[in-house]
Amino acid sequence: RIDDRRLHEVGVVRIYDVLLSLEECLIETDRRVQEILSRPEFQKTMTTAELHHLMGRYAAEAEDHAGLGHVSILAAAYRCGVPVYTSSPGDSTIGMVAASGRLRESRLVLDPLADVNETAAIYYWSKQEGRKSAVLIFGGGSPKNFMLQTAPHVNDILGLETAGQDYFLQFTDARPDTGGLSGATPQEAVSWGKVDPDHVPDTVVCYVDTTVAMPLLTSYALARHEPRPLKRLYDRRQELLALLQKELQ
Numbered sequence: 685r686i687d688d689r690r691l692h693e694v695g696v697v698r699i700y701d702v703l704l705s706l707e708e709c710l711i712e713t714d715r716r717v718q719e720i721l722s723r724p725e726f727q728k729t730m731t732t733a734e735l736h737h738l739m740g741r742y743a744a745e746a747e748d749h750a751g752l753g754h755v756s757i758l759a760a761a762y763r764c765g766v767p768v769y770t771s772s773p774g775d776s777t778i779g780m781v782a783a784s785g786r787l788r789e790s791r792l793v794l795d796p797l798a799d800v801n802e803t804a805a806i807y808y809w810s811k812q813e814g815r816k817s818a819v820l821i822f823g824g825g826s827p828k829n830f831m832l833q834t835a836p837h838v839n840d841i842l843g844l845e846t847a848g849q850d851y852f853l854q855f856t857d858a859r860p861d862t863g864g865l866s867g868a869t870p871q872e873a874v875s876w877g878k879v880d881p882d883h884v885p886d887t888v889v890c891y892v893d894t895t896v897a898m899p900l901l902t903s904y905a906l907a908r909h910e911p912r913p914l915k916r917l918y919d920r921r922q923e924l925l926a927l928l929q930k931e932l933q
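If you count the sequence shown from 1, position 116 lands on 800 in our numbering, and the numbers rise without skipping.
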């Protein structure tokens with residue numbers, strides 16, 4: 685049995701059965717992030733996608749310099765042009781570091797409203813000209829809703845018309861009967877206009893731990909399909925946003 689008070693005394697934090705050094709792991713990482721966010725390219729208002737893209741560049745450089753191979757999600761997203769959004773940038777250690785900069789001389793401002801419009805633009809584009817849209821969810825919570833709310837934003841708020849997501853695949857350990865978002869089913873999402881009702885029979889919810897499901901799904905996908913051309917949606921954010929704005933005129 686672990687004595688959490690003793691862990692606190694010796695500078696160790698616990699995430700269930702994972703133990704981390706507060707100073708050598710967390711605080712040192714915070715210092716590194718603080719130094720990166722103080723650099724000139726971060727001194728402006730930006731989306732979380734741009735924040736993560738810029739941080740991904742530094743992560744990719746660190747991977748290459750240390751010869752670590754591909755170990756960073758942000759580095760992979762940077763190399764592949766995948767936009768990485770977060771629904772609650774302030775609810776994180778990166779958010780705390782960014783907030784501390786505002787008390788000094790940093791001009792970094794994260795714009796979550798721009799994130800909402802950018803993600804809606806990507807969703808709307810994916811539904812045009814016979815294309816299909818899909819959500820792949822590991823876990824749930826706020827990020828799940830942030831991804832699924834793109835359809836209600838386009839339909840209910842912007843007044844355009846789409847049928848909702850065509851494909852829905854979720855891995856979760858949350859039950860639907862508690863009423864929480866993490867366990868909410870695709871059938872429930874239909875009532876919100878988030879999922880196309882015609883495609884509900886094709887939706888899949890797997891009640892399994894993400895650390896088990898993700899390697900299996902990844903291996904299956906790589907074994908069954910040849911690599912496809914990258915869409916590089918990060919590089920097309922402004923283009924897709926302009927297309928959405930044009931539809932509203």
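Don't read these hints as lab results, they were simulated from the structure. The model shown is predicted, which means the values in this text are computed figures rather than measured ones. Do not take every clue at face value.
[As the list claims (entries may be wrong)] Only pairs whose alpha carbons sit at most 30 Å apart, straight line, appear in this in silico DSSO-like list of lysine-lysine:
no., residue 1, residue 2
1, K915, K816
2, K915, K728
3, K930, K728
4, K930, K915
5, K816, K728
[Said to hold, decoys possible] Pair by pair, the computed Cβ-Cβ distance ranges are:
no., residue 1, residue 2, range
6, P724, H749, 33 to 39 Å
7, S875, V694, 25 to 31 Å
8, R690, L752, 21 to 27 Å
For each residue, glycine too, the CB sits at the ideal point set by N, CA and C.
Cross-check of the supplied hints:
no., hint, verdict
1, K915 with K816, "14 Å, holds"
2, K915 with K728, "27 Å, holds"
3, K930 with K728, "26 Å, holds"
4, K930 with K915, "22 Å, holds"
5, K816 with K728, "35 Å, violated"
6, P724 with H749: 33 to 39 Å, "21 Å, violated"
7, S875 with V694: 25 to 31 Å, "50 Å, violated"
8, R690 with L752: 21 to 27 Å, "33 Å, violated"
Checked against the numbered hints listed earlier, the structure breaks hints 5, 6, 7, 8; every other hint is satisfied.
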